[in-house]
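Protein chains: 2
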Amino acid sequence: MAGGTRSSGIAIIGSGVAGLHLALLLQKQQIPVTLYSDQTAAQLASGRMLNTVAHHNTTVQREEALGVDHWDLTEYGYFCHHHYLGGPQPLSFPGAFRAPSRAIDYRVYLPRLLADFQERGGDFRAGPPVGPEEIFPLSQRHDLVVVATGKGGASAMFPVIAAKSPYTRPQRRLSAGLYNGIAPSHPRGVTMSIAPPHGELLEIPTYSASGHVTALLFENVPGGDTEVLADAKYDEDPAAFDRLVFEKLRAHHPEVFERVEVKRFGLTRPEDLLQGAVTPVLREDYVTLPSGRVVIALGDAHSLVDPIVGQGANSASYSAWELGTVIAEDQIFDERFARKVAARRADRVQAISDWTNLMIALPPAPHLLQLLGAMSQSPAVADEFTDNFNAPERQWDILATPERTSAFLARHGM
Amino acid sequence: MAGGTRSSGIAIIGSGVAGLHLALLLQKQQIPVTLYSDQTAAQLASGRMLNTVAHHNTTVQREEALGVDHWDLTEYGYFCHHHYLGGPQPLSFPGAFRAPSRAIDYRVYLPRLLADFQERGGDFRAGPPVGPEEIFPLSQRHDLVVVATGKGGASAMFPVIAAKSPYTRPQRRLSAGLYNGIAPSHPRGVTMSIAPPHGELLEIPTYSASGHVTALLFENVPGGDTEVLADAKYDEDPAAFDRLVFEKLRAHHPEVFERVEVKRFGLTRPEDLLQGAVTPVLREDYVTLPSGRVVIALGDAHSLVDPIVGQGANSASYSAWELGTVIAEDQIFDERFARKVAARRADRVQAISDWTNLMIALPPAPHLLQLLGAMSQSPAVADEFTDNFNAPERQWDILATPERTSAFLARHGM
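Residue numbers (numbering that gives the first Met the number 0), protein chains in the order written: chain A, 0 to 413; chain B, 0 to 413.
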């Protein structure tokens, strides 16, 4: 490294998409890096489902640049959003991407990228979770420490930015699972089905260890009719659980329900279910240790978002890319460096956080409903909203205030 | 404008380089703009010298893009810095630009650009100075108000950022004038002559109403031997003033003095002298009026710097360009817009402020002296420092801390 006094490079804690994309980018730039994880490759590949996740095309482009674009978009990609807004007069309308998105189960995705990293000579170390008390010793052995996991407690070292973290509790209770027996939509896409006031369903064509399956992510408003999906115990009675999901689809999400093949419908495997909830927070970009060393927050350690618009992985990958770029530009890892990182990624990461927080606000913001209504009337508006999943800062340009939504619609003659 | 409810476009207060570059950029993008000034074109062309100013090549490139690059660099440009560091063992060494800089007296420059703006149909309004009390009514008549002048008191509406404004009084007392009778340096360049502990002299080949002349900017440390240059009254005894300058050149700045032609030496015209001082401040990028309208600070209203490294005009032009670009991208002028502007220009504008403040610090920072010493030994180091006048954020990468300077020198094998 510059100055020649330290030589152990960058330490990345966490082998999720944030840590792996950063590790692969640094490796590509021949910057020494050590990737620490609390899971071996085999552990990453097994166990309970980690999340439901969509990689939008901007993320796919980073995967191409990193040489880890292993899943051909023709087979593995999806091409649009199908929107359904329930109510007395349901609305149904598509929105197209300019370039495809892709959803790969992380128990397939992460081990494959880890293998890429290791096959290219990458230094990967699996061990016990890295807690906050281990950050300082790590910072003495490395030029820079990056905390790229929301697990293990290390993220708590980054103060929460209260002005950007409006919720003190989850706004949705989640039930995410992989299912057989749902025919794909045409064109193949994600269905965003909104069932006021009970919550939303994201139906995502996903590739997993079971092959091409369907992820159903129920975003359940506490107290609503679908909240039970976040509590029902699959293991106690698998058939009853599948029936419950089937009934909730029938009751609230007809455009997904109409594609269900009754006999085949059901969770793919017991471990393909994740129930929980997220309290979204945005944390400071970095902290400075008493020694003067900075520690950078990345991915969930920096910005934890509800999965409702599938932006968490994209935020993490984007943020990793910006961080890796600044690391290559300026290898003095001080506060000036950390502020550069913060400034470089601020607009998109904050837009993702702000936009996601708006999407789960209760009651829904009138200007969000105004936009959804306009999307149902204007394919151009629906397409722009959809393609903005690749440019969340432009989405926030449209949604940050009611005035912005009105001005956007005025530009579309509405 | 977007939404169609307002139509009077952007109001720019101030016809300095910040206001004119912004006005020309908006005009080029066919965005309605009104340029307000407290001076007519004729007043801009006459009167006392406004400043000494160098436009580095990044600024020249913006002038090219705006179609106002009227002064051919072969004749009007300069190509390097000549450094002289006085002391028991004086150091003398050049530093080269990759592309030329240019210095045009603003009494020539500003009226020419104003003529360009008006010939292209620009709306220019000369009147009394715009005070803070007129900002609100202006904001009601325009989509956005930009305060692009340090004069008239309107800049006081932008709070000073204390953490970025280390000085409560001027660190130098200034004496800037245009002189005849100094032969150009070869290659034609600016001489930065440092006379510890008395201060610095910038000698700038400048084009003015008198033709090609020499600007001498004496940066005088209070209490030092050259401070008298900031107080001496030219009008009371022109010959005595010229003799005083001559003597100070002889005593402190031998590399400029050796090019003085005694018989021709003297101030070009009585009005070609400016004596004063600057307390540098960095102010907030914008304020939000009680009505919700934002007002943007630009140029001296945003960042007021000592002229010691000739960055003020370049900061203003850069900042105007970034502001004009964001205006073209996002015509909803709310806090989100204002924060985008702030984020976009922060790194360079703050680097200029921080670097300039370091250059006038007393006593000089040891790592600055270390860098100057290294420049005298390494043409590559001297050239990089010199060319970084075009990239102040890279200069600050080198100078922000002693560790950064050491790492930079280590990269040069020093």
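Treat the hints as calculated values from the structure; they're not laboratory data.
Accuracy of the hints is not assured; some may be wrong.
Said to hold, decoys possible - DSSO-like, lysine-lysine: derived pairs with alpha carbons at most 30 Å apart:
(1) K150(B) - K163(B)
(2) K163(B) - K339(A)
(3) K163(A) - K163(B)
(4) K150(A) - K163(A)
(5) K163(A) - K27(A)
(6) K27(B) - K163(B)
Subject >> Numbered hints the structure breaks, given as an ascending list >> reply: Of the numbered hints, 5, 6 do not hold.
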